[in-house]
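With the sequences and hints as input, model every part of the structure.
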Amino acid sequence: MKSIQSRKRIILKSMGLSLALPYFGVSWANDSDAQYHQNALEQRYKKSDAIKINMPPLAETGNSIPMGIVFNTPSQKKIQSFEIVAPENPNPMVLKVSLPRPQAYYQFATRIRLALSQDVWVIATLEDGSKMAQSLHCVVTLNACFDAT
Amino acid sequence: MATLNQHPIRLNIIGAPTVGKEVEIRVLIAHPMETGYRLGVDGNERIPKNIIDSVVIKFNQEPIMIATLGTGIAANPLISVFMEVPAKGGMVSVEWIDDQGAQGRAEKMLVVA
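Those sequence lines, one after another, are chains A and B.
Read in order, the letters of the first sequence are residues 4 to 152 in my numbering.
Read in order, the letters of the second sequence are residues 1061 to 1173 in my numbering.
Rather than coming from a laboratory, the hints here were simulated on the basis of the structure.
Treat the numbers as computed from the prediction; the structure is a model and nothing was measured.
Hints are supplied without guarantee of correctness; some may be wrong.
What the hints assert, rightly or not - Some chain B residues close to chain A (C-beta under 8 Å, calculated; not the full set):
1) I1126
2) T1128
3) L1129
4) S1140
5) F1142
6) V1145
Think of the CB as a built atom: it goes at the ideal place given N, C-alpha and C, for glycine as much as any other residue.
Shown next as structure tokens:
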């Protein structure tokens, strides 16, 4: 009798596991990350010349890559906030900046980490809520320490 | 609460502070920016994630830039912004806070030439 019960439990447990696994599989790539996939970004945003990204096309190491951004938007369109997105990084959102005083011309510089060679995106939100974006490909010869190495 | 020695912060104002022209405000914070993906020396346990959450640059106590940082910012984060010099100078200050509650602050006077 006991053995039947224990078998039942084993079967029920395995069923539970098989139901749970796809759930975890789905939850691993959550919605907030999916919107930052390379294809999704390309479909969603139109590239604009108002944003210029200064970044080396080839970086020796992904641990620290200098990145400069120059926004020079058409008149009467001021930038309220912008974000840097690296779609292939484990956490694609690199940086979000909001400007309490919106500006038409703005310069910004920082140093970023890249897990792989990829397109780095800059997405700016204007005062009227519209968005403009620009991307630049960067080849990384040695990946940043995002993995367990 | 971090001491100044643990996470030194450097705030520089670069360029001639002439009214109407731009100066660069450069912030350099000594912080490991641990991603949470790296393994420790023993190779068994991951080093806990510890990154700077937010950096706020203020001019005369009024925020001019609010940044939310992710794991994609390099260790010892450098942030450089440009600001137009107002007619009267003022105090430029930077505040940051990280995942583990450590925080830092620095300020520098912008004197108009």
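Sort out which numbered hints this structure fails and list those numbers smallest first.
-> Violated hint: only 6; rest satisfied.
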